[in-house]
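Asker: Listed below, chain by chain, are the residues.
Number of protein chains: 4
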Amino acid sequence: MTGRMQRIGILTGGGDCPGLNAVIRAVVRTLGGGSCEVVGIRNGFGGLISQEYVTLDQAAVSGILPRGGTILGSSNRDDPFDFEGTVGDSALNGDVSALVLENTRRAGLDGVVVIGGDGTQFIAHRLSERAYQEGGAFRVVGVPKTIDNDLQATDRTFGFDTAVGICSEAIDRLHTTAESHHRVMWVEVMGRHAGWIALHSGLAAGGDVILIPEIPFRVASVAGAIEDRRRRGKGFSIVVVAEGAIPEGGDPVYLLATDGTRRKSLGGIARIVAEEVERLTGLESRTTILGHVQRGGTPSAFDRVLATRFGVCAAQQVLAGSWNTMAALRGPSVVPVPLVSAVGSQRLVDPLGELVGVARATGVRFGDELGPTD
Amino acid sequence: MTGRMQRIGILTGGGDCPGLNAVIRAVVRTLGGGSCEVVGIRNGFGGLISQEYVTLDQAAVSGILPRGGTILGSSNRDDPFDFEGTVGDSALNGDVSALVLENTRRAGLDGVVVIGGDGTQFIAHRLSERAYQEGGAFRVVGVPKTIDNDLQATDRTFGFDTAVGICSEAIDRLHTTAESHHRVMWVEVMGRHAGWIALHSGLAAGGDVILIPEIPFRVASVAGAIEDRRRRGKGFSIVVVAEGAIPEGGDPVYLLATDGTRRKSLGGIARIVAEEVERLTGLESRTTILGHVQRGGTPSAFDRVLATRFGVCAAQQVLAGSWNTMAALRGPSVVPVPLVSAVGSQRLVDPLGELVGVARATGVRFGDELGPTD
Amino acid sequence: MTGRMQRIGILTGGGDCPGLNAVIRAVVRTLGGGSCEVVGIRNGFGGLISQEYVTLDQAAVSGILPRGGTILGSSNRDDPFDFEGTVGDSALNGDVSALVLENTRRAGLDGVVVIGGDGTQFIAHRLSERAYQEGGAFRVVGVPKTIDNDLQATDRTFGFDTAVGICSEAIDRLHTTAESHHRVMWVEVMGRHAGWIALHSGLAAGGDVILIPEIPFRVASVAGAIEDRRRRGKGFSIVVVAEGAIPEGGDPVYLLATDGTRRKSLGGIARIVAEEVERLTGLESRTTILGHVQRGGTPSAFDRVLATRFGVCAAQQVLAGSWNTMAALRGPSVVPVPLVSAVGSQRLVDPLGELVGVARATGVRFGDELGPTD
Amino acid sequence: MTGRMQRIGILTGGGDCPGLNAVIRAVVRTLGGGSCEVVGIRNGFGGLISQEYVTLDQAAVSGILPRGGTILGSSNRDDPFDFEGTVGDSALNGDVSALVLENTRRAGLDGVVVIGGDGTQFIAHRLSERAYQEGGAFRVVGVPKTIDNDLQATDRTFGFDTAVGICSEAIDRLHTTAESHHRVMWVEVMGRHAGWIALHSGLAAGGDVILIPEIPFRVASVAGAIEDRRRRGKGFSIVVVAEGAIPEGGDPVYLLATDGTRRKSLGGIARIVAEEVERLTGLESRTTILGHVQRGGTPSAFDRVLATRFGVCAAQQVLAGSWNTMAALRGPSVVPVPLVSAVGSQRLVDPLGELVGVARATGVRFGDELGPTD
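Residue numbers (this note's numbering), protein chains in the order written: chain A, 1 to 374; chain B, 1 to 374; chain C, 1 to 374; chain D, 1 to 374.
The following block holds chain A by itself, in its conformation from the complex:
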C-alpha cells in the first residue's frame, strides 16, 4: 500500500439476491478503517456510464445487514459492450466500454469490487481485458451472486439459502391444505437452468414429485406418481416445479400436450403440466407461483454470514492488490479464486448424484420413472 489513500468503487449488478447489502457492508467496514475510500456506483455498470456515485462511509452502511435488495441499486440493462440508453441529454448506443474506462479513470477509482452473477463478472473481465490492451487498467475483485447456486467456482452462493427457506415455508403451508382437502398442490419455484432450489426445498418440505431442468419428465409418469399415492391412501400430493423444468424431448418454452397440441408456457410450466395431470387423474389441483418473493427481503442468517465472509475476502484482496480474483466458498473456507476461471462454468444437479439419490431413497419421484406399462 502506498501513502496515498486508495479509492475503491463497488457495484451490484443483475437480479436481486438476499445478502447484497451484507457484502457491501463487509467491504466498507473492512476497507474503511483508514487506508481506503469506498465509492458506491449506482445501478451496476450503468452508474459508470452516467457517473452516478455515492460515498460509502461507515454511517452509510449502518443498519443495512438485515435488509434485502441493494442500497446501490442494480440494473439488467447496463452492459457497456451493448448499451442502449440515455445519459443526461445524449442517447447512447452500442459499445460504450471506452466511456466506462474513461469514467473510471476520471472518478479516480483504483479498483472496483464487482458483486454480480456470471454476466456481470464477464463484463468486468472484458473491461479489464480492454483496459489492459490499451495500456491502462480496470482492476477488479469479484463477489459471485446467483440465487440459483449454480456456479462451479463456489460451493455455495448467498441468497440461495433464503430462497430455499421461503419455498419450503410455502410448501409447508400448502401441505396442510393438500392433506385436509385431498388436492394436488403445485408450486413453481425459480431455476431456469438448474434445479437446486426445487430439489432442496422439495426435500426440505416433503415434496412428492420434483421436476427439474436436469431430469426431463413425462406427464404420464408424473400422473402415475400421483395415482400411486392415491392407491396407497394418500389423496393428495405436492409437486415442486423448477420454472425451467422440461418434458422429455421438449423444450423449456413449449410443452407437447397429451392431446397432441403444442402449448406455450405462459406464466409458468407448472400451470400447464398441472392441467394435463388433472385431466389424466381427475384430481383437483391448485398452483402457486412464488415469483420474486423468492429473491427479496431479509436474508437468512446463513446467507448473511456467507455474504459477510465474501465481502471481507474481497476487501482483503483489494488490500493485498490481488486483482482479478473472486471470493469463493471451498469446503469450510472462503478463499480467493481467479476471476476468469469463475466465469461461464455452471454447476447443475447431477441426476446420478447424492442429492437426487437421497430424494429417490425417501420416495420422491422426478417424473422420469418408468410405469408398469412402459
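Since the hints were made in silico from the structure, they are not lab data.
Just to be clear, a hint being listed does not mean it is correct.
From the structure, some residues in chain A lie toward chain D, with a derived Cβ separation under 10 Å [said to hold, decoys possible]:
#1 G33
#2 D155
#3 D161
#4 G165
#5 R271
#6 Q316
#7 G344
#8 A361
A few chain B residues that don't get close to chain C, going by computed Cβ distances all over 10 Å [to be verified]:
#9 R25
#10 R29
#11 G88
#12 A98
#13 R106
#14 D118
#15 H175
#16 H193
#17 A220
#18 V312
Distance ranges between label pairs, derived from CB positions [as the list claims (entries may be wrong)]:
#19 D/G282 <-> C/P332: 45 to 53 Å
#20 D/Q133 <-> A/V335: 43 to 51 Å
#21 D/S341 <-> A/R105: 34 to 42 Å
#22 A/L348 <-> B/L92: 45 to 53 Å
#23 B/G233 <-> D/D350: 45 to 53 Å
#24 A/E369 <-> D/N93: 25 to 33 Å
#25 C/S345 <-> B/S35: 34 to 42 Å
#26 C/G344 <-> D/G282: 25 to 33 Å
#27 D/L352 <-> A/R105: 36 to 44 Å
What you are looking at is a predicted structure, and each value in this text was computed from that prediction instead of being measured.
Glycine included, each C-beta is placed from N, C-alpha and C at the ideal position.
Dock chains B, C and D against the given chain A, drawing on the hints supplied.
Answerer: Below, chains B, C and D without anything else, positioned relative to chain A:
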C-alpha cells in the same frame, strides 16, 4: 342435561382456513369433560353420507392447535341437496338429504357442530328445516369460517389474520427488490368478492396501488399512479390485486384490454393488468400469485385465540341446548347469534369507509382516481 | 385552517413498541400534503428540553413502515416536571416544564402529536394545563402506546399483537422439546400489572398453566396441575408466566419459598417458581426469559394497520383543530376520544371474564385451583 | 442380505435438536421398502432397558418432517453403564449394560441406528465392545447430533442452522430497540464449550461484542468497546454471549466481579457481566436468555435437508452391513466415517481462524482487545 351422555358430531366444510383444528380442539376439550361424547365426521357433510366417523377424545386433539388444515378433512363436493358421488358400491345422485338425516339418527348424534362458510351453514340450515318439517330434528351450532373475513354476522373470522400476515410478508420481500431494481411488482391475493385481504395487507406492507372488487379500476388510472411515482423519483411501485378486482364497466372474468380485445383472466387478473400497464408505462413488471399458500399452514396467534374462543362458545351452546346459533365476535366479546341471520349476508369493503379513507390519506391509490386529462 | 402553514411536532416517549414508525409515517403522510410542516422531536420530551429536531418530509418516512423501534428515538428519563440531566453545558434539575413550553413556542410548533403510554400522555396533559394557566397553549393530540394492551380507553393498542406472536412462536418451539424430553418448560413474558400477553400467548400456543398478576397463584396448586398431567400420561407441561405474576398473599418482588425463606425475584419470578415446583414434583424444568425480544423488531401486519389508522386519526384531529384528543379503537372503528379520560385508567384481565373462562374450559390452570387436599 | 427380513432398531438420545424427526423419517423411508422392519426404541437407551418399542412403518413417519422434537422421545438419564431408575416394579442401579444387550437380542434387533451426541455415541460404542468381548454383537450405525456444531468428525450437524436462525431473529428484534432507546442489549445463547452459535448469530445479526468460551474476555475491555461506540455516536450496543463464555483467568461458573467478590453465575453469565458493564459505563442494559427456544420447534430448510441426508446415509450403511460407522458431512458430500473416530473429538472456534478474522474485520469485539491503558 339428561343423565344420558350426549353424542355430538363435528364437521368442517369448504375451503381450508388456518384455525380449523383450534376450533375442533376447543370443542372437544370443552365438551369432553364427561357430559358429552364427540364424534368427528370426515370430509364435511360427505362423512354423513358415507358414514365415516372418528372418535374425538382428548388424545385425538392433542398437539393440533398449531397445525393448519383440519384433522377431519373437508370437501367442496358434499352438498346433500345436490350430490353426485359414490358411496360404497352405489352411485348417488341428486338430493340425498334424507339419507343424511337418517344417518345422523343412526349415528345417534344429538347435535352437530358445523364449522364452515356461508355455503356450509346454509346446508346445515336446510337440513335443520327439512328435519323439522318431517317431525325430527337436525340440531346445529355453527362456527363461521371464511378466509375473506366478509361475514356481516361477525366482526372477524379466524384465518384472515394469518392470510393477511402471509401476504404482508410476501409484499415486504417484493418491496426490497422493487426498490433496488426499479420494478413494478404485482401480487395477486385472495378475495373474489371482498377486498379485505388486499386492503389490509396492502396497508400493512405499504402497497402503492390496491385493486379490490368493491372499487372498479381503470387501467389508465393505475398506470397514472405508477407514473406519478416515477415523476417523484420513485422508479418502483407495489400493486396489490384482489383476485376479484374488476375494471370499470367490466366483469370479474373478462377484461377489456386497451387494444380493444377482450381477454379472459386465466391464472389471474394481476397478470393481465400488469401487462397492460407495462405497455402503457414502459416499466418492467413482475407478478406473484400466492394462491393457496394464503390459506394453509400454522395459524397466527390471533387466529388461534379467536378460533379457540369460537370453539368454546359453540360448545357452550351445545351444553345449553341453544341450537341454531352460531359463535360470532361482536366488539370485544364472542357471543352466540342466530344461525339463520348469519347466512347470506356479506360484509364488503365500504369505498367511503374509514379503512379506504386511511389508505387514501397515506397515499394509496385504488385505480379509480381521475387523472389530469379526465 | 389559516393561510399560514402549520408546524406540527411529533414525539415518541417511553419503552419500545412495534408500530411506532408506522404511526409516524401515517402522520407525516396525512399532514404532509401541503397544509402542514412536520417536525420530529428527538428522544421524547427530552428533545423539547435540548431542542433536538429533525425535519420529517415524505422522504424521511420512506421505507420505515416495516421497521421496529422509532426513527425519532425515545427516552425513559425525560419527564420535564422531574428532570435530571445535562443540556449543552448546563446541568438541569427538577421542574423544567417552563423551558419545554418556551422551547415549543420558540420552535414555532402549533401542536404536538404525542405517541406514548400513560406516563407520556400524562406529561402532555400537565404541560397543556400549565400552558393554559399561563395564558398560552400546548396543543396535543395523543396516540396511545403500550405493549401490554392494558388501556381502558382503547380496545387494542399496537405492538401487543406482535408481542403475543413472538411469545407464541417461542412457546411453540418449547412445546416440541417439552413433549420429546418430558420436561416442564417455563417461559416468562412481559406484563407487570396486566396478564394480557401471558393469557393470549398461552391460549394461542397451548400453555398448560398461565400465571398472571390478576390471579394470584399458589405454588402447590401449580405443582398439582403439573402432577395431574403426569398422572394422565403427559410427562411435560408448559407454564407461561407474566413477569408480574404474584403468589397468593405475596407481592410482585418477594416470593415466600416453601422452605420458609423469602427470596427476591431477580431476573424473573419464573425462575424462582420453577425451582420450587421442580423440588415439589421432581420434574426437570427449563426457563426462558424473552425480555426485550418481545418489544422490538418488525411489527405484525395487524399492528401496522392499527398503528397506521391511529396515525391517520391523530393527523385528522390536528387538521380539524380537535386538540386534547387521542386516537382509540372502539369496536371496529378508530375514533378520537378525550385525552384526559384516557389517562390513568388501566384495563386488567377479568378473572371472571370470557377469556379466562375460555382458557379454563380448554383445560388451562391458573394456579388458583383448589387441590384435593385443600 | 439374507432372505430373512432384518429388524433394525432406532433411537434418539440426549438433548433436543431440530431435525431428529427428519432423520427418523429418512431412515424408515429408506429401509422400509421391503427388506427391513424398523423398530422405534422409546426414550433413548432407556427404552432398551424398559423394553418400550413402537413399530415404525411408513404411516408412522408421515407428516413428521417439519416437526421439532422426536417422536421416539429422548432421555438424559439413560446411560446403561451408570443407570439409576425403576423398570416395572424393580429398581435398577449401576451397570445394566448386560440387560440392554439381552433385551436387544430378545427384541430380535439385527442392528441399531443411534442418533445422538458424543455421550450417546460413546455408550453405543461401549455396548458394541462389551457385546464383542462376550462373543455377541451390538451392531450400530451412528448419526451425529449436537446443536452446538462442535464435532470434529462432520463439517456441520443438523439443528445448528435452526438455532443460529432463531438467535439472529432475536438479535434483529433487539437491535431496533437498542438503537431507538439507546440501550445495551445482552443476549445469552447456547454454547457451553464452543462459541459457534454466538459467533454465527452475532455475525449474522450485527452483534457489536461477541463473548465465546474460546476467547476469554475482560470486563473492562467489553466496557471499553461499548464506550468506544458511544464516543462514535452510537449510544447502543448488542452483546452476544455464549453461555460458556469465561472471563480471563476465570472459570465458566464463577466470575470475579470488579468489586473483588466472586459471584456464581446463576441463570446466566450474561446477566452478571451486563451488571458489571452497566456499572462501569452507566449505560442501561437489558438481558434476554433464549434458553430452550433455540433447540425446539420446526427445523430450518437447511437442517431438514442435512438431517434427511444423514438418515439416508445411515440407512444405506445398514443395508450394506457397514456397522460401526457414522454419517458425516465432508465438504459437499455426506459420507460414512468410522464411529470410533467420531467420538470425543471436539471442534472449537479457532481464535485465529477465518471466521473470527471476518468478525474482527467488520468491527466485532471479543472482549480480549487491549485498551489504551493496557
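Asker: Now, for every hint given, state plainly whether the structure supports it.
Answerer: A quick look at each hint next to the structure:
A hinted interface residue such as A/G33 counts as satisfied when its beta carbon comes closer than 10 Å to some beta carbon of chain D; here the least separation is about 9 Å, so the hint holds. This hint holds: A/D155 has a C-beta 6 Å from the nearest C-beta of chain D, less than the 10 Å allowed. Interface hint status for A/D161: upheld, as the beta-carbon distance to the closest one in chain D is roughly 6 Å, under 10 Å. Proximity of A/G165 to chain D holds as hinted, the smallest CB-CB distance being about 5 Å (cut-off 10 Å).
Here the hint on A/R271 is broken, as its CB sits about 24 Å from the closest CB of chain D, past 10 Å. Interface hint status for A/Q316: upheld, as the beta-carbon distance to the closest one in chain D is roughly 8 Å, under 10 Å. The beta carbon of A/G344 is not positioned within 10 Å of any beta carbon in chain D (closest approach about 21 Å), and the interface hint is therefore violated. With a least beta-carbon distance of about 5 Å to chain D, the hint placing A/A361 at the interface is held under the 10 Å criterion.
Annotated as non-interface, B/R25 brings its C-beta within 10 Å of a C-beta of chain C; the closest such distance is 7 Å. Distance check on B/R29: its Cβ comes as close as 4 Å (rounded) to a Cβ of chain C, failing to clear the 10 Å threshold; non-interface status is violated. The claim that B/G88 is not at the interface with chain C holds, since no C-beta of that chain comes within 10 Å of its own (minimum 37 Å). Residue placement check: B/A98 keeps its beta carbon more than 10 Å from all beta carbons of chain C (closest about 36 Å).
Look at B/R106: its CB is around 30 Å from the nearest CB on chain C, clear of 10 Å, so calling it non-interface holds up. No beta-carbon of chain C is positioned within 10 Å of the beta-carbon of B/D118; the least distance is around 20 Å. At roughly 8 Å from the closest C-beta of chain C, the C-beta of B/H175 falls inside 10 Å, breaking its exclusion from the interface. Its beta-carbon lying about 19 Å from the closest one in chain C, B/H193 satisfies the requirement of being farther than 10 Å from that chain.
Chain C leaves B/A220 outside its interface by the beta-carbon criterion, the shortest separation being 23 Å against a cut-off of 10 Å. A Cβ of chain C approaches the Cβ of B/V312 within 10 Å, the least distance being about 5 Å, so the stated non-interface status is violated. Range check, D/G282 to C/P332: Cβ separation about 47 Å, and the 45 to 53 Å hint holds. Roughly 47 Å separates the CB atoms of D/Q133 and A/V335, a value that falls within the hinted 43 to 51 Å.
Taking 34 to 42 Å as the suggested C-beta distance range, the pair D/S341 and A/R105 does not conform, at roughly 57 Å. Taking the beta carbon of each, A/L348 and B/L92 are about 52 Å apart, inside 45 to 53 Å as hinted. Checked against the hint of 45 to 53 Å, the pair B/G233 and D/D350 passes, with Cβ atoms roughly 48 Å apart. Look at A/E369 against D/N93: about 55 Å separates their beta carbons, and that is not inside 25 to 33 Å.
Judged by the Cβ atoms, the range 34 to 42 Å given for C/S345 and B/S35 holds: they are separated by roughly 40 Å. Range check, C/G344 to D/G282: about 32 Å between beta-carbon atoms, so the 25 to 33 Å window is met. Between D/L352 and A/R105 the C-beta distance comes to about 40 Å, which sits within the given range of 36 to 44 Å.
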